[in-house]
Structure formats: structure tokens, C-alpha cells
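Undergrad: Same order as they appear, the protein sequences are chains A, B, C and D.
Residue 72 in our numbering sits at position 72 of the first sequence, with consecutive numbering throughout.
Residue 163 in our numbering sits at position 163 of the second sequence, with consecutive numbering throughout.
Residue 301 in our numbering sits at position 301 of the third sequence, with consecutive numbering throughout.
Residue 207 in our numbering sits at position 207 of the fourth sequence, with consecutive numbering throughout.
Honestly, the hints are just simulated from the structure, not real lab data.
Only a predicted model underlies this, so the values are computations on that prediction, with no experimental measurement involved.
Do not rely on the hints blindly, as some may be mistaken.
[Stated by the list, open to error] Covered stretches of chain B (in silico footprint by chain C; criterion: 3 or more residues with CB under 8 Å from a CB of chain C, positions within the stretch not fixed):
(1) 36-50
(2) 78-87
(3) 122-133
(4) 172-186
All C-beta atoms in this analysis are idealised placements derived from N, C-alpha and C, irrespective of residue type, glycine included.
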Amino acid sequence: MADYNPLELMICVAARNLEDGSTVVVGTGAPCAAAMLAQKTHSPNMCILFEAGGVAPILPSMPISVGDSRTFHKALMASSMPEIMETCQRGMVDYTFLGGAQIDMYGNINSTMIGKDHARPTVRFPGSGGANDLASLCWRTMMMTVQDAKRFTNNIDFITSPGYLQGGTSRYDAGLPKGSGPYRIITNMAIMGFDDESKKMKVLSINPGYSREDVQDNCGFELMWAPRITETDPPHADELRILREEVDPHRYIIGR
Amino acid sequence: MADYNPLELMICVAARNLEDGSTVVVGTGAPCAAAMLAQKTHSPNMCILFEAGGVAPILPSMPISVGDSRTFHKALMASSMPEIMETCQRGMVDYTFLGGAQIDMYGNINSTMIGKDHARPTVRFPGSGGANDLASLCWRTMMMTVQDAKRFTNNIDFITSPGYLQGGTSRYDAGLPKGSGPYRIITNMAIMGFDDESKKMKVLSINPGYSREDVQDNCGFELMWAPRITETDPPHADELRILREEVDPHRYIIGR
Amino acid sequence: MSTTLKENIEQKENALISGQNDLFTNPDADAARQFFRTKSRALKPKLSTVQEVVKTMLNDGDYIAIGGFGANRIPTAIIHEIVRQGKKRLGFAGHTSTHDFQILCAGECFDRCDVAYIIGLEARGLSPNARRYIESGKVKLTEWTNATLSWRLKAAAMGLSFLPARNILGTNTFQYSAAKEILCPFTGQKYAAFPALFPDFAAIHVHECDVYGNAHVYGASVSDQDLAKASKRVVLTTERLISTEKIRQNPEATFIPFWCVDAVIEVPYGSYPGNMPYEYFSDEEHLREWLKVEKDPEELKKFIDRQILGTKDFYEYLELNGGIEKMKKLRAAELLIPGR
Amino acid sequence: MSTTLKENIEQKENALISGQNDLFTNPDADAARQFFRTKSRALKPKLSTVQEVVKTMLNDGDYIAIGGFGANRIPTAIIHEIVRQGKKRLGFAGHTSTHDFQILCAGECFDRCDVAYIIGLEARGLSPNARRYIESGKVKLTEWTNATLSWRLKAAAMGLSFLPARNILGTNTFQYSAAKEILCPFTGQKYAAFPALFPDFAAIHVHECDVYGNAHVYGASVSDQDLAKASKRVVLTTERLISTEKIRQNPEATFIPFWCVDAVIEVPYGSYPGNMPYEYFSDEEHLREWLKVEKDPEELKKFIDRQILGTKDFYEYLELNGGIEKMKKLRAAELLIPGR
Numbered sequence: 001m002a003d004y005n006p007l008e009l010m011i012c013v014a015a016r017n018l019e020d021g022s023t024v025v026v027g028t029g030a031p032c033a034a035a036m037l038a039q040k041t042h043s044p045n046m047c048i049l050f051e052a053g054g055v056a057p058i059l060p061s062m063p064i065s066v067g068d069s070r071t072f073h074k075a076l077m078a079s080s081m082p083e084i085m086e087t088c089q090r091g092m093v094d095y096t097f098l099g100g101a102q103i104d105m106y107g108n109i110n111s112t113m114i115g116k117d118h119a120r121p122t123v124r125f126p127g128s129g130g131a132n133d134l135a136s137l138c139w140r141t142m143m144m145t146v147q148d149a150k151r152f153t154n155n156i157d158f159i160t161s162p163g164y165l166q167g168g169t170s171r172y173d174a175g176l177p178k179g180s181g182p183y184r185i186i187t188n189m190a191i192m193g194f195d196d197e198s199k200k201m202k203v204l205s206i207n208p209g210y211s212r213e214d215v216q217d218n219c220g221f222e223l224m225w226a227p228r229i230t231e232t233d234p235p236h237a238d239e240l241r242i243l244r245e246e247v248d249p250h251r252y253i254i255g256r
Numbered sequence: 001m002a003d004y005n006p007l008e009l010m011i012c013v014a015a016r017n018l019e020d021g022s023t024v025v026v027g028t029g030a031p032c033a034a035a036m037l038a039q040k041t042h043s044p045n046m047c048i049l050f051e052a053g054g055v056a057p058i059l060p061s062m063p064i065s066v067g068d069s070r071t072f073h074k075a076l077m078a079s080s081m082p083e084i085m086e087t088c089q090r091g092m093v094d095y096t097f098l099g100g101a102q103i104d105m106y107g108n109i110n111s112t113m114i115g116k117d118h119a120r121p122t123v124r125f126p127g128s129g130g131a132n133d134l135a136s137l138c139w140r141t142m143m144m145t146v147q148d149a150k151r152f153t154n155n156i157d158f159i160t161s162p163g164y165l166q167g168g169t170s171r172y173d174a175g176l177p178k179g180s181g182p183y184r185i186i187t188n189m190a191i192m193g194f195d196d197e198s199k200k201m202k203v204l205s206i207n208p209g210y211s212r213e214d215v216q217d218n219c220g221f222e223l224m225w226a227p228r229i230t231e232t233d234p235p236h237a238d239e240l241r242i243l244r245e246e247v248d249p250h251r252y253i254i255g256r
Numbered sequence: 001m002s003t004t005l006k007e008n009i010e011q012k013e014n015a016l017i018s019g020q021n022d023l024f025t026n027p028d029a030d031a032a033r034q035f036f037r038t039k040s041r042a043l044k045p046k047l048s049t050v051q052e053v054v055k056t057m058l059n060d061g062d063y064i065a066i067g068g069f070g071a072n073r074i075p076t077a078i079i080h081e082i083v084r085q086g087k088k089r090l091g092f093a094g095h096t097s098t099h100d101f102q103i104l105c106a107g108e109c110f111d112r113c114d115v116a117y118i119i120g121l122e123a124r125g126l127s128p129n130a131r132r133y134i135e136s137g138k139v140k141l142t143e144w145t146n147a148t149l150s151w152r153l154k155a156a157a158m159g160l161s162f163l164p165a166r167n168i169l170g171t172n173t174f175q176y177s178a179a180k181e182i183l184c185p186f187t188g189q190k191y192a193a194f195p196a197l198f199p200d201f202a203a204i205h206v207h208e209c210d211v212y213g214n215a216h217v218y219g220a221s222v223s224d225q226d227l228a229k230a231s232k233r234v235v236l237t238t239e240r241l242i243s244t245e246k247i248r249q250n251p252e253a254t255f256i257p258f259w260c261v262d263a264v265i266e267v268p269y270g271s272y273p274g275n276m277p278y279e280y281f282s283d284e285e286h287l288r289e290w291l292k293v294e295k296d297p298e299e300l301k302k303f304i305d306r307q308i309l310g311t312k313d314f315y316e317y318l319e320l321n322g323g324i325e326k327m328k329k330l331r332a333a334e335l336l337i338p339g340r
Numbered sequence: 001m002s003t004t005l006k007e008n009i010e011q012k013e014n015a016l017i018s019g020q021n022d023l024f025t026n027p028d029a030d031a032a033r034q035f036f037r038t039k040s041r042a043l044k045p046k047l048s049t050v051q052e053v054v055k056t057m058l059n060d061g062d063y064i065a066i067g068g069f070g071a072n073r074i075p076t077a078i079i080h081e082i083v084r085q086g087k088k089r090l091g092f093a094g095h096t097s098t099h100d101f102q103i104l105c106a107g108e109c110f111d112r113c114d115v116a117y118i119i120g121l122e123a124r125g126l127s128p129n130a131r132r133y134i135e136s137g138k139v140k141l142t143e144w145t146n147a148t149l150s151w152r153l154k155a156a157a158m159g160l161s162f163l164p165a166r167n168i169l170g171t172n173t174f175q176y177s178a179a180k181e182i183l184c185p186f187t188g189q190k191y192a193a194f195p196a197l198f199p200d201f202a203a204i205h206v207h208e209c210d211v212y213g214n215a216h217v218y219g220a221s222v223s224d225q226d227l228a229k230a231s232k233r234v235v236l237t238t239e240r241l242i243s244t245e246k247i248r249q250n251p252e253a254t255f256i257p258f259w260c261v262d263a264v265i266e267v268p269y270g271s272y273p274g275n276m277p278y279e280y281f282s283d284e285e286h287l288r289e290w291l292k293v294e295k296d297p298e299e300l301k302k303f304i305d306r307q308i309l310g311t312k313d314f315y316e317y318l319e320l321n322g323g324i325e326k327m328k329k330l331r332a333a334e335l336l337i338p339g340r
């Protein structure tokens with residue numbers, strides 16, 4: 001079995017979820033690497049979008065900013081932020097990736113602040129940026145993150161970006177687009193989806209080297225479990241080769 | 001005194017109302033001629049817009065369509081219909097010209113139909129086109145028309161484009177932009193404005209060769225009269241020369 | 001919300017009115033999203049033919065919209081083919097329509113129409129046949145305006161079910177529309193709300209595009225960017241195919257992206273007898289002939305038989321009206337070439 | 001309206017909620033129209049200087065917005081000059097802001113901020129000083145998102161007081177915004193309504209423009225077209241002035257029309273240390289230095305004294321950081337020129 005680090009595993013798993021002919025809005029870093037890897041393996045015609053306006057670039061290297069020149073290098077379109085966001089709102093964008101400081105059992109994400117007083121936060125983060133927009137408007141939201149019980153918590157200080165809100169149909173009752181929502185949470189320990197009815201986070205597979213106990217102990221809320229938990233298919237040799245040699249040769253991302 | 005026809009007079013008077021540095025949306029025909037004449041006389045920096053998207057063209061000849069190539073010949077911008085309409089809605093466009101089959105005492109205009117049953121009109125016209133939009137959203141609406149009692153009527157069959165609606169503040173109560181509305185009605189017989197309070201049509205000056213009686217007799221409703229009615233300043237020789245030689249040398253419009 | 005604003009809004013809310021005519025299409029944004037979820041966004045070649053597109057992408061009863069501005073940058077080949085294949089009971093967006101409307105009226109192709117501008121050909125005059133067709137009562141009409149239809153398409157393009165605007169309030173145009181009055185929740189200002197328009201089918205003529213449908217358009221763009229996004233199925237006819245490399249050289253110039261487009265057909269001179277910016281001017285003589293023959297229904301029938309039903313395709317029609325030699329003259333007119 | 005829809009809407013209306021934080025600007029479209037009525041649309045030369053523009057077009061207390069995307073195509077000269085002239089109590093649109101925000105935080109220029117993205121510099125990390133400034137409580141914050149601020153500007157650009165949208169519903173982002181829930185009058189669907197944002201002052205860096213302000217921009221355009229239209233006073237800094245003739249050669253390429261623009265300043269390399277598409281890449285070394293010195297407030301003070309307060313203008317700043325030689329390197333990086 002090939003040797004790999006957790007980020008490499010997460011990127012490879014994320015890439016496999018991006019089928020050919022789909023559209024994905026990505027940010028910098030691991031999500032961009034996952035999309036590039038998908039393109040260079042099974043999804044050559046997957047279309048990458050950046051929120052500042054870039055569409056289907058031929059990426060010469062990892063962008064530093066979702067608005068820098070790389071994001072529309074030899075692109076099929078260099079448009080605008082409203083153009084990208086409205087394309088998402090219209091229902092033409094299949095996937096996006098989010099990050100955040102906290103995530104709860106319904107996939108709601110906090111990237112705004114730690115603390116109880118909005119006017120005087122204990123710790124302030126950048127805020128939504130485009131995260132709330134993409135989480136609201138793309139069909140399927142994914143997250144790649146290291147898993148620990150502080151990050152995976154139902155005591156979330158601030159819901160910046162909507163998951164399934166309070167579960168059940170609450171996301172759609174709130175007015176968010178029907179059928180959209182969190183799809184996969186990809187951690188160093190496991191791959192989670194969401195229960196069809198309750199919309200609670202549900203473990204689908206466990207990464208090699210981890211146990212059920214690891215996964216639950218490093219999560220601040222009770223996880224649901226799929227009827228049949230498999231072992232996550234680890235990165236294949238060809239995936240790792242392409243990721244390391246073509247996608248991120250300088251190890252900007254996978255070297256972190 | 002120079003010899004001129006009614007259309008030449010109307011165009012010259014209309015042009016004088018377009019001050020330098022202003023913006024005007026025009027259609028084909030006499031309004032376009034008036035705007036071109038204004039540019040070639042006192043308003044070289046007046047900006048002409050066409051509803052299909054053309055902005056500040058160097059018009060090589062009269063357009064046949066408000067969307068044809070002439071409307072953005074060497075233009076400063078070839079944009080879109082929403083772009084032009086939103087520029088009007090934002091309050092950046094000073095003037096426009098409308099035409100129509102009927103006009104009432106509040107400057108409401110019909111270009112949709114004659115008859116009482118919308119589903120089975122006696123006579124069907126093209127409808128609003130951009131007329132309602134421009135009448136709603138530009139600051140000041142003008143009209144050039146031959147005057148007769150059938151056209152100037154309070155028995156208007158259909159209000160296609162808003163004037164002052166039912167007069168007084170009714171235009172603004174309806175939600176139309178504050179301070180906007182009909183400004184000048186320029187006929188072969190007289191020049192009318194609108195009363196500040198009642199918003200009824202009010203004669204400002206009478207064209208050479210016509211009497212008060214002519215003006216009132218050829219109007220289907222009772223006109224208001226300015227305290228001091230002047231004679232309309234007829235076309236000047238230089239205006240006529242430029243109109244005939246430079247603006248409409250083939251007499252497409254002034255030859256009608 | 002301040003108490004005053006809240007009271008002000010509550011007081012006004014009861015007096016809000018609605019246009020009384022039919023809404024021909026479903027403005028629901030979630031229903032549209034469900035469609036767009038299944039629409040292909042794969043970067044695959046989409047070359048087709050006029051015949052095939054009209055046969056397979058357009059059904060009797062569909063609601064259609066035509067790009068351009070009536071006799072400027074119009075997809076004439078598609079419009080003719082709709083008549084040639086005898087499509088019926090269409091809904092039509094009468095938005096900046098002139099010659100396109102005239103052709104479809106001659107084919108009696110539609111039975112309902114959102115009206116902004118119909119019947120007329122601007123400075124050229126009114127179409128006698130279109131007028132007869134509309135005055136016959138065979139066509140259900142709902143009144144709108146140019147900006148209103150632009151914004152209805154824009155609402156759809158944005159993925160919304162409506163947009164607010166400040167025109168048409170207080171008029172009969174509003175009364176015979178399907179608009180509704182609403183209040184701004186921040187200011188209490190009255191607005192007209194326009195329902196999103198998601199056409200089933202749109203045809204747009206462009207200057208150049210690649211086989212995937214990434215397109216360039218030059219000159220005034222009317223409402224075509226929003227139309228391409230709003231419509232469920234989109235065909236582009238193009239003056240010329242270009243390489244994708246050329247698209248990638250100027251990504252800021254991409255006017256319509258591939259994901260909006262379902263089929264691409266190269267149709268040189270495709271806007272004839274309409275004007276194509278920077279390419280050729282309109283054939284005013286031919287358009288005058290249309291208006292003239294329309295005075296007599298029998299004459300019109302013969303004319304349509306000869307020009308559309310009796311021609312195999314757009315090129316036979318073009319040949320019948322002067323072919324390449326005519327196009328050379330129209331190009332000279334467009335480019336203001338002296339001495340031609 | 002059908003009875004069912006009417007009942008459905010009435011039932012839902014009472015449960016509609018509002019964001020609880022401050023709205024810093026007036027969304028009223030008629031008030032904005034009154035301003036735009038008086039805004040000059042004369043085609044007159046508008047050349048000015050950075051010093052003059054910041055002195056005369058920007059007042060303490062104004063609400064401002066910056067074009068570009070944080071460290072991409074930003075009007076650095078104007079941002080520095082705002083700090084240099086010590087402008088205070090500004091409102092700020094924290095929309096796609098990164099390095100621009102960081103500079104203004106170093107100057108403690110603003111006391112209220114509409115937040116979409118603040119403090120961070122994307123993949124580069126967070127700004128320690130911006131974080132201290134925000135965590136100090138000196139700045140009133142209202143939460144939004146990137147799309148939300150885009151649409152607030154678009155509402156203003158369209159001449160509306162609000163736009164509906166389908167994001168932010170159900171979140172704390174909504175709760176701490178100044179948005180309001182509304183219902184679609186056609187479908188009963190719940191929407192977030194966003195109030196129009198008309199900034200008092202906007203600075204945008206462009207690739208080229210003429211003396212009237214007709215501008216070309218290449219690459220992703222972020223929200224700058226709407227920003228130029230929405231703002232009451234607009235200054236363009238430009239990599240190079242071009243002739244109006246060049247604008248007229250490609251009228252479809254005009255990105256911002258002259259009537260939006262109040263002043264034009266030619267500032268070659270004007271986005272430094274940010275990236276300027278097709279011109280030069282960002283100076284990552286210099287941006288890292290910013291982040292490093294910010295860890296110690298004393299170090300930051302010295303750095304700002306040296307880089308901004310102690311330099312006469314943008315060119316002294318540029319010279320201090322490597323001048324034209326540096327720009328040649330950044331141009332090579334941008335254009336992927338091999339061997340540099």
C-alpha cells in the first residue's frame with residue numbers, strides 16, 4: 001500500500017466525488033487540488049469555477065487568491081462574482097468545498113467568530129466570504145478537515161454557512177434551495193454523509209488506521225453510522241503520483 | 001423669416017430643450033434628429049443612448065432600428081437593454097421622447113390599442129416597447145406630435161406609458177420615481193408643459209400662424225394656459241441649415 | 001423594522017394590486033433549479049443542423065424566445081425552420097421582436113404571447129399580417145414592456161422567481177400584465193414585481209463561437225446574455241465557428257459560456273435579411289417586399305410558399321434573394337464602404 | 001392571486017424576521033436618484049491626482065468601497081493616500097477585501113464595516129493587526145457575504161432599494177446582518193431581501209481608460225461594474241491612459257462608462273503589491289513582510305511610518321520596495337516567462 005499523509009487521503013477521496021461533466025466552485029488550497037486531481041484522473045471535462053469570476057482555467061499552478069490571474073489563465077470565461085453566484089443560484093453548480101473552525105451535526109459551519117457577543121468576539125475570523133453563498137446555492141457541499149471534538153461540536157458559536165440548519169426539512173423551510181445541502185465531510189479519520197431524514201451526520205467509511213472509537217471520540221456530538229461501515233479506499237498509487245507530480249509539485253498544500 | 005415645415009419646427013424646438021452635458025434616450029425618426037441637431041448646435045457633449053444598448057455613437061446616418069449597427073457606430077459603449085434601462089432607473093438619464101396614438105391631459109400615452117376589449121381590440125398597435133420604461137424612469141419625457149382632437153383626448157383607450165396618471169401626486173403615489181414625468185409636448189401648433197400642482201397640460205407658447213382657438217379646438221380636453229403665452233421662437237436659419245444639410249440630408253424624416 | 005415603517009407597510013399592503021392577465025410560464029425558481037440540475041454542463045461538441053434542432057429541441061406548445069432585436073442579429077434559419085416544420089401552439093416572448101415576429105405570424109405558429117413590442121417593424125411600419133393575426137383573437141396576449149421582459153429574463157438568469165422594478169406602475173400596461181405590486185421591506189416604497197421568465201427554447205445568432213458554445217457577440221447585446229442563461233434549451237447559430245483556443249485567448253470576451261448551450265450551428269449570413277453588426281446591413285428592399293405582400297393574404301401565402309416552405313433550407317432562401325452578391329452589397333452598406 | 005397562494009403568503013408573513021444589526025447606508029432609491037440627477041454626465045476630461053482626489057472627493061465619515069479583490073487589481077495609491085491624509089470614521093464595504101482592508105486597519109481609518117470577508121489574506125493567512133483592530137470593539141460590524149454585498153451593489157446599480165436572493169437564510173450571518181425576509185408574491189417562496197448599497201466613494205484600478213473615464217478591464221471583474229454604477233463618487237486609477245479613439249474601436253469592451261466616473265489618475269503599477277492580470281503578479285515577499293511586522297504593534301508603526309507616512313506618494317513607496325526592477329520580476333512571474 002502506498003504511503004500517504006492525511007491531507008493526501010482527503011484530497012484523493014474528495015476528487016473521486018467529482019464526476020466528469022460536473023461543475024465545482026473551489027477556493028485555494030486543498031479543494032483546488034482535489035478538483036485538479038479529478039480533472040487529471042477520471043473527470044477531464046469537469047469545470048472548475050472561482051468565485052471572483054474565473055471559469056474553466058488551464059491552471060498553471062495553485063492560485064494564491066480565488067481572484068488572482070491563475071484563476072482565469074487561458075480560461076473559457078473571466079466573468080464576475082455576481083455571474084458565478086447567480087450561476088450557483090440558478091442551479092448550474094454541482095459541488096463546492098468549505099472550511100471552518102466549527103461544524104455541527106447538521107453540517108452547519110462557523111467561520112465568523114468564537115465567543116458569545118458578536119460585538120466583542122473572543123476570536124474573530126474572516127467571516128463568510130463566499131462560503132455562505134456557496135453552501136446555500138450549490139447542490140452539494142463538501143468539507144475536508146482534520147477531525148477533533150472541538151471542531152465537531154453542537155455548541156457552535158455562530159452559524160456562518162448553512163448546513164441542514166436544525167435538521168429534517170428546516171433547511172428548505174428557511175427558504176434555501178430544495179435538494180441542496182451538505183454532502184460529504186472528509187476528515188483524516190472518516191468519511192461522513194448525512195441521514196436522508198434527520199439530516200444528521202452519518203459515518204460512511206473509516207479511514208485506514210482508525211477505529212469507530214477514534215471517530216466518535218474525536219467528535220463532540222453523537223454520530224450516526226451507516227448500516228455497513230467500510231474501510232475508506234486509500235489513495236491509489238496513480239492518484240498520489242499525479243497529485244504529487246502534477247497537481248502540487250511544490251508541496252504547497254500536501255506538504256502542510 | 002425662414003420657411004420651414006411643422007416637423008422642422010418641432011425638431012428644432014425639441015433640440016433646444018436638450019442642454020449640453022445631459023443624457024437622452026431616443027428612438028428612430030424625429031427624436032433622433034432632434035438629439036443630433038442639439039449636438040451639432042448648442043450641446044456637443046450631450047450623450048445619446050439607444051435602448052438596445054448603444055451609448056454615445058458617432059451616427060453616420062439615421063438608424064432604421066434602435067438596435068441597428070448605426071446606434072453603436074464608433075460608440076463609447078455598446079451595452080445591453082437592461083444596462084440602458086437600469087441607467088434610467090438609477091436616475092442618470094435626463095430626457096426621452098415618446099410617440100403614441102392618444103395622449104390625455106396628464107400626459108398619459110396610448111400606443112397599445114383602440115377599443116374597449118383588450119382581448120379583441122378594434123385596432124392593435126405595437127404596445128409599449130420601451131416607451132413605458134422610459135416614461136417611467138427618465139427624468140423628463142417629451143413628445144413631438146401633430147395635434148388634433150382625436151389624439152389629444154381624455155377618453156384614452158389604454159394607458160400604455162405613464163404621464164402624471166390622474167394628476168396631482170398620483171404618479172408618485174403609484175410608486176413611479178419622484179420628480180420624474182412629462183415635460184414638454186411639442187405639436188405643430190403649440191408647446192405645452194404641465195402645471196406644477198394639478199399636473200394638467202398647460203400651453204406655454206403658440207407656434208407662428210396658429211391662434212389660441214386653433215390650439216384649444218384641436219385638443220379634446222380643456223387646456224391650461226401659462227400666465228403669459230408667447231409666440232414659439234421659430235426655427236433659426238442655422239438650425240434649419242444644419243438639420244437639412246447635416247442631420248437629415250436625405251429628408252427621411254423632415255420630408256415626411 | 002421601525003414601528004413607523006412597519007405601520008406604513010401594513011397600511012399599504014392591503015391596497016396592493018395584481019395584473020389580471022395570464023402568466024404563461026412557471027416562475028418557480030426551485031422548479032427551474034430541478035431542470036438545471038439535469039442540464040448537461042459537460043464540455044462536449046454540440047454541432048447540429050437547423051432541421052435537427054427544430055425537430056428535436058422544440059415541441060409544439062413550448063414557450064420560445066428569439067435573441068437579437070427583431071431585424072438585428074436574429075437566427076433567421078431557425079425561425080424559418082419553425083415555420084417550415086409547422087410548429088404550433090407555441091408561446092412567444094414578444095420582446096424587441098419585429099421581423100422574427102412577422103415570420104412566426106405568417107406561420108401562425110403561436111397562440112399566446114408576452115407583449116413588449118409586436119406587429120411593428122420600427123421605422124419601416126407595421127406588419128399587416130401580424131396585425132390581422134393578433135386582431136383575430138387567436139392569440140392570448142399579456143402586456144409587458146421591453147425592460148420588463150429584460151428583467152423577467154434577468155430574474156430567471158439570476159435564479160430568482162421575481163425581480164422588483166419601478167416601471168409600469170399605475171398604467172393599463174400593468175393592469176393587463178401578470179405583474180404584482182409589492183413593497184420594499186426597507187423603505188416601504190411601492191414596486192412592480194415581475195415573475196421570472198424561463199423559456200423552454202431560445203435561439204440566438206452570434207458572431208462566433210466554438211463547438212462547445214462559448215460565444216462572442218459584438219455590438220449592442222440587447223438581452224441575449226440573460227436569455228441564454230434563463231432558457232432551458234438554447235441553440236446558437238453562428239456566423240463562423242472558431243477554435244476554443246481563441247476563446248481562451250480573451251476569456252473576458254466570452255459573451256455566452258458553453259454550459260448555457262445545447263446545440264451549435266454554423267450559419268454564415270444567418271441574420272439575413274436582418275442586420276449583423278460589423279458584418280452586413282439589413283436588406284431593406286426584401287423587408288419592404290414582406291410588408292407589401294402582406295397586404296393581400298393570397299399574395300403572402302404565395303410569398304411564404306416560395307420563400308420558406310418551397311425552399312429546402314436557409315441557403316436556398318438566401319440564394320433566391322441574391323445570394324453572395326447581395327451579401328457583398330449589404331456588407332458594403334454595413335461598413336460604409338465608399339463607392340459601393 | 002389564487003386564494004391558496006394568498007393564504008399561504010398571509011400565514012407566512014407574520015413569521016418573517018429581520019437581521020438585527022445596523023444598516024450603515026441609506027438604501028432609498030429615490031434619494032439616490034436625487035443624487036444621480038445632479039451628478040455630472042458631461043463628457044469632460046477628468047484627470048486629477050491622488051492627493052487631490054482623496055482631499056476633495058472623500059470626507060471623514062464617508063462610506064467607501066474598494067474595487068478588485070483584496071490583493072488583485074486594487075487602487076493601492078488611493079488606499080495609501082487615505083491613510084496618509086489620516087481620514088477617519090469611514091464606513092467600509094468589507095467585500096472581497098484583504099490587503100486593502102489591512103492597510104486601512106493600519107491607519108485605523110474606519111469605525112463601521114459591512115463584513116463579507118475581513119482580516120484574512122486568503123491562503124497567506126490572517127492579519128494580526130486587522131484582527132486586533134476588529135477584536136478591540138472599535139469597529140461596528142454588520143455581517144454579510146460576498147454574494148450579498150455583490151447583490152447590494154447590484155441593487156443600487158439597477159436603481160432599486162433592494163434585491164431578493166436565496167442565500168444566508170436560517171443562519172447567524174442573517175441574524176447579525178441588516179437583511180430582511182420577504183416572500184415571493186408569485187410563489188410564496190421565502191427570500192432574503194438585501195438593501196441597496198450606494199457607497200459615497202469608490203476607488204477602482206483599471207487596465208486602461210481615457211480621460212473621460214471610459215475604461216477597459218481584463219480578467220475576472222469581481223463586482224466592479226456594479227460598484228462603479230452604485231457609488232456616488234468614483235475615482236479610477238489606471239495602468240495607462242488610452243485615447244478615446246481606442247474606446248470607440250471596441251464599444252462592446254467598455255467596462256465602465258464615463259458617466260460613472262468623477263476622476264481619472266494614471267498610476268502605472270498601481271495595483272502593487274497586488275496582482276494585476278496580464279501585467280504583473282503580486283509581490284508575495286512584501287505581503288509576507290506586512291504580515292510579519294504586524295505581529296508587533298511597534299514594528300508595524302515603524303513599517304507604516306517608513307512605507308506610507310514617510311513616503312511622499314505611491315512612487316516613493318514603489319521605489320522603496322524595488323522599483324522598476326521589482327516590477328520586471330513580477331511581470332515575468334505574471335506572464336510565466338521561462339528562465340526569470
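Undergrad: Evaluate each hint against the coordinates.
TA: So, going through the hints one by one against the coordinates:
no. : hint    : in the structure
1   : 36-50   : violated (count 1)
2   : 78-87   : holds (count 6)
3   : 122-133 : holds (count 11)
4   : 172-186 : holds (count 4)
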